[in-house]
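Asks: Following the hints, complete the assembly by docking chains B and C onto the known chain A.
Protein chains in written order, with the numbering used here: chain A, 92 to 415; chain B, 4 to 325; chain C, 9 to 328.
Partial chain A-side listing against chain C, Cβ under 10 Å, derived:
(1) Pro158
(2) Leu160
(3) Leu183
(4) Arg184
(5) Ala185
(6) Arg187
(7) Arg188
(8) Gln191
(9) Asp196
(10) Met205
(11) Thr206
(12) Gly245
(13) Tyr247
(14) Glu250
(15) Arg263
(16) Ala266
Pairwise CB distance ranges, derived in the manner of DEER restraints:
(17) Arg82(C) - Ser64(B): 47 to 57 Å
(18) Leu132(C) - Asn268(A): 50 to 60 Å
(19) Glu150(B) - Ser146(A): 25 to 35 Å
(20) Gly221(A) - Ser64(B): 51 to 61 Å
(21) Lys99(A) - Ile302(B): 54 to 64 Å
Where chain A lies over chain C, by a calculated footprint (3+ residues, C-beta under 8 Å):
(22) 28 to 35
(23) 209 to 221
Keep in mind that the hints were calculated from the coordinates and are not lab data. Where a beta carbon is used, it is the ideal one built from N, C-alpha and C, also for glycine.
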Amino acid sequence: MKHKLNHKLLQIRNLKKYYPVTAGFFSSHIGDIKAVDGVTFDISEGEIIGLVGESGCGKSTLGKTIPRLEEPTGGKILYRSKDITKLNKKGLRALRREIQLIFQDPDASLDPRMTVGDSIGEPLVIHNIGDEKERSHRVAELMKQVGLEAGQAGMYPHEFSGGQKQRIGIARALAMNPKLIIADEPVSALDVSIQAQILNLMMDIQEKFGLAYLFIAHDLSVIRHMAHRVAIMYLGKIVELADKKELFENPLHPYTEALLSAVPSFKHKDKDRILLRGDVPSPLNPPSGCHFHPRCRRVMPICSQVEPKLSEISVGHFVSCHLY
Amino acid sequence: MSNVILKVSELKTYFFTRRGVVKAVDGVEFELRHGECLCLVGESGCGKTVTALSILRLFDSPPGKIVDGQISFDSLNLTECSSKQLRQIRGKDIAIVFQEAQSALNPVLTIGDQITEQIKLHLPLDSNRTRDLAITLLSDMGIPSPEKVMSYYPHQLSGGMKQRVLIAMSLSCDPQILIADEPTTAVDVTIKAQILDIFRELKAKRQMSTIFITHDLAVVAEIGDRAVVMYGGKDVETAPVSEIISNPKHPYTIGLIDCLPDIAESGERLVSIPGTTPNPLDMPTGCTFHPRCPEVMKICSQKEPPETAISKEHKVSCHLYT
Amino acid sequence: MVETSGDIVKGVGRCMPNRTRLINYYWQRTRRNKLAVFGLAFIIFLIALAAIGPLFTLDPTEANFEETNMPPVRFTIEQSVYNIETDDFTTTKISGTWKHPLGTDSKGRDMLAMIVSGARVSLLVGLIATGIAIILGTIIGVVSAYLGGWVDNALMRFTDVMMTFPFFLLLVLIVFIFGPSLAFIVLAIGLTGWTGIARLIRSESLSLRTREFVVAAKALGASDNRVVFRHLIPNVISLIIIMATLSIPGVILAEAALSFIGLGDPTVPSWGIILESGQHTLETAWWVAVEPGIMLFLTVLAFNFLGDGLRDAFDPKSNV
Numbered sequence: 092m093k094h095k096l097n098h099k100l101l102q103i104r105n106l107k108k109y110y111p112v113t114a115g116f117f118s119s120h121i122g123d124i125k126a127v128d129g130v131t132f133d134i135s136e137g138e139i140i141g142l143v144g145e146s147g148c149g150k151s152t153l154g155k156t157i158p159r160l161e162e163p164t165g166g167k168i169l170y171r172s173k174d175i176t177k178l179n180k181k182g183l184r185a186l187r188r189e190i191q192l193i194f195q196d197p198d199a200s201l202d203p204r205m206t207v208g209d210s211i212g213e214p215l216v217i218h219n220i221g222d223e224k225e226r227s228h229r230v231a232e233l234m235k236q237v238g239l240e241a242g243q244a245g246m247y248p249h250e251f252s253g254g255q256k257q258r259i260g261i262a263r264a265l266a267m268n269p270k271l272i273i274a275d276e277p278v279s280a281l282d283v284s285i286q287a288q289i290l291n292l293m294m295d296i297q298e299k300f301g302l303a304y305l306f307i308a309h310d311l312s313v314i315r316h317m318a319h320r321v322a323i324m325y326l327g328k329i330v331e332l333a334d335k336k337e338l339f340e341n342p343l344h345p346y347t348e349a350l351l352s353a354v355p356s357f358k359h360k361d362k363d364r365i366l367l368r369g370d371v372p373s374p375l376n377p378p379s380g381c382h383f384h385p386r387c388r389r390v391m392p393i394c395s396q397v398e399p400k401l402s403e404i405s406v407g408h409f410v411s412c413h414l415y
Numbered sequence: 004m005s006n007v008i009l010k011v012s013e014l015k016t017y018f019f020t021r022r023g024v025v026k027a028v029d030g031v032e033f034e035l036r037h038g039e040c041l042c043l044v045g046e047s048g049c050g051k052t053v054t055a056l057s058i059l060r061l062f063d064s065p066p067g068k069i070v071d072g073q074i075s076f077d078s079l080n081l082t083e084c085s086s087k088q089l090r091q092i093r094g095k096d097i098a099i100v101f102q103e104a105q106s107a108l109n110p111v112l113t114i115g116d117q118i119t120e121q122i123k124l125h126l127p128l129d130s131n132r133t134r135d136l137a138i139t140l141l142s143d144m145g146i147p148s149p150e151k152v153m154s155y156y157p158h159q160l161s162g163g164m165k166q167r168v169l170i171a172m173s174l175s176c177d178p179q180i181l182i183a184d185e186p187t188t189a190v191d192v193t194i195k196a197q198i199l200d201i202f203r204e205l206k207a208k209r210q211m212s213t214i215f216i217t218h219d220l221a222v223v224a225e226i227g228d229r230a231v232v233m234y235g236g237k238d239v240e241t242a243p244v245s246e247i248i249s250n251p252k253h254p255y256t257i258g259l260i261d262c263l264p265d266i267a268e269s270g271e272r273l274v275s276i277p278g279t280t281p282n283p284l285d286m287p288t289g290c291t292f293h294p295r296c297p298e299v300m301k302i303c304s305q306k307e308p309p310e311t312a313i314s315k316e317h318k319v320s321c322h323l324y325t
Numbered sequence: 009m010v011e012t013s014g015d016i017v018k019g020v021g022r023c024m025p026n027r028t029r030l031i032n033y034y035w036q037r038t039r040r041n042k043l044a045v046f047g048l049a050f051i052i053f054l055i056a057l058a059a060i061g062p063l064f065t066l067d068p069t070e071a072n073f074e075e076t077n078m079p080p081v082r083f084t085i086e087q088s089v090y091n092i093e094t095d096d097f098t099t100t101k102i103s104g105t106w107k108h109p110l111g112t113d114s115k116g117r118d119m120l121a122m123i124v125s126g127a128r129v130s131l132l133v134g135l136i137a138t139g140i141a142i143i144l145g146t147i148i149g150v151v152s153a154y155l156g157g158w159v160d161n162a163l164m165r166f167t168d169v170m171m172t173f174p175f176f177l178l179l180v181l182i183v184f185i186f187g188p189s190l191a192f193i194v195l196a197i198g199l200t201g202w203t204g205i206a207r208l209i210r211s212e213s214l215s216l217r218t219r220e221f222v223v224a225a226k227a228l229g230a231s232d233n234r235v236v237f238r239h240l241i242p243n244v245i246s247l248i249i250i251m252a253t254l255s256i257p258g259v260i261l262a263e264a265a266l267s268f269i270g271l272g273d274p275t276v277p278s279w280g281i282i283l284e285s286g287q288h289t290l291e292t293a294w295w296v297a298v299e300p301g302i303m304l305f306l307t308v309l310a311f312n313f314l315g316d317g318l319r320d321a322f323d324p325k326s327n328v
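Chain A with its partners taken away, still in its complex shape (with noise of 0.2 Å):
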């Protein structure tokens, strides 16, 4: 998986997303949930990177909140340099040729009502590309690529199996040739050997076609299969940051020390496990400081008082924490 590392792609700074908290008769702002709290970092062309977290963090809303399915609170965002936070709604369009989702529940991601080549083909409707024949033509093509027949596309959604929905899912996403692929969750609601083909699928297109994939997940494993660069989130804030060897090998925050340690191993049983204490807290009011002061087992004085802050620990490895 060679990537190059030369074109940044996208360029994400301090994005925020907050949901604001209303209560009483005049519905009076009473607080926020913080679900991306001033998010940076960067994609760079044909990079892989796995964003990973528990729920509740902010992943998701993240990945919404880049191509502005959801609107961005405050920061910026920058594709291929330019400020998409300000985009009209023309402007708005044409990015959505350039990034484009891929969705966790397969069942839920396709119209219904829709035939499969319909759904697939609905991208080259919207952007006004080819004509009928050309556009059933590229149909096709694209789900001959993502491993299905051609003779299938007038078959509705309910017809096929949850592997096959999601392979329906990327050829939709595929159509625009897009740049960037956001993929939330995209094998978690599939059994573990679909899981392997649409991963390996996955792996094939962003080969073949020089994607950049932002891979959204919980399974570390997967993330470790995929990943070139993986950043950890917790409530809205990455954590750490690092080339997928190096986080994986060398974890510096202790969040992602009692993730690591936490993941359930097929080949090494019997390590040492660090048990986190206590859940998640609430989004709506976030522990003072370090967000995750209270079940570090490594707390100082400082962490509930002062927010660290992103920093540049080894070439290449980010880390938001006191400790260093």
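Replies: Showing chains B and C alone in chain A's frame:
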């Protein structure tokens, strides 16, 4: 061979639906020994959940029916005993914990009400002792401030907490067997670790005999003593977990292990099992795995493979070994 | 999910034109419900009756004072008639004839003809009034869900107010003011019956908006227009069909009820009007009330069965 407390022989549970007969469990055989954690492993549709439900006959009775087989527990045959006998066993001698903690708890009753209800069904304690027992159970599960939690409603607890409450409830009458149906599937990694830890403690401190249902081989490696690999309603391989890891025999087991991303060198293609899980209304003839098997032979589509013993503890159902 | 997992796809020969496959799929699911099939059969029969029936029957408005109060064929009743000559009641036996297979009413009009023309009236009332209610309810529901904000608030409060009106009294009021013309009755029923539909359509639209395939469409670059017309509405149509089917009986009964209390249109022989005229002669000429009653009963049942069957067929989670 240490004492066997539950033995399932040739269990067949079929569902008679309008579209045909679904052979959810089609000849499953295994035994559970005292103090061990037996894992039922397989992907969706393999019949592992229905097997567990069959032990306590918890499935809907039309359309489901146990058409054959025996489940021996405590000198009873659970497939044939009366509903009354079964109800006395449920919760008291054999307890079951389900996957979706959200839907297993009644949203309009407090945690305290639900636990004490469970206890009152089986143990003749007065209300004070019942309450004390409930609080003890909650704190044993590592739930902080159990007295406060007694008056909480389920929606006030997180997913991990709810799962722990469910496990506490299941242990309230000190059952001999605990059946856990995918307790770690719908939860985050760190909570998963906590729950696995609870099960490990249960085994160590109480010698609890557990049937642990999962599709995650890594979880099996973590806490299982022995494993039964299921496919298409049948058990295809049974062995101690260490054997399964180091010396798997059935092509499906091998395929399942190979397609784990954990194992593969990152960056290379994962080995995958081609095809999809079979349609339970239209099972393949002979060995149910044969359409997807890399080692398929002519006999595989014609005859069902008999069970062969590789060693005293290791059994496979595959024509490669007959 | 027995249907989808493992349904091995069989290859090229499956290309049929789009909508047919989908309709066929839902039809197969509906077919399995025997009651729904009965309902559909009855409705088709009713439509045929209404469409071509009047060609074969006598004139329902033709009064025939020679043949009043005749029972249906094969029934015989005793009638006491005041004989002016003898100043006494003479009891005669009257039997039904095939000329009037369902008997006649007090004015000698043929019951069969009236029932058949009543079918036409009831169906038209049902379809048109429901049509008005559906169109109104759908527009309000979809617009409310889609625009949200103060528009949604305003529309829903308006709906709430309309809902609190005692529906029937409103009908009575309208008929009282504008006179008992069938056109007004239909309009009145339509204009008051949309509220429940609007609510349901709105909540379905709201939940659809957050479904992943809608997000997916937006992610592809679809305009709002496209999302509404290509994704939301087709997925709401099944709900509309079900609601329409289940609303029709209520509408038919509403018209019958209005006629029964004397506010119906006397010039048009609907089942309600016939029922009303028959209520006074239940002892002597029971068939005048019973026949339209049975028809109303069967019609309402038929639509309800069909509606329930359709609802189950369209619900992906129900195990048909």
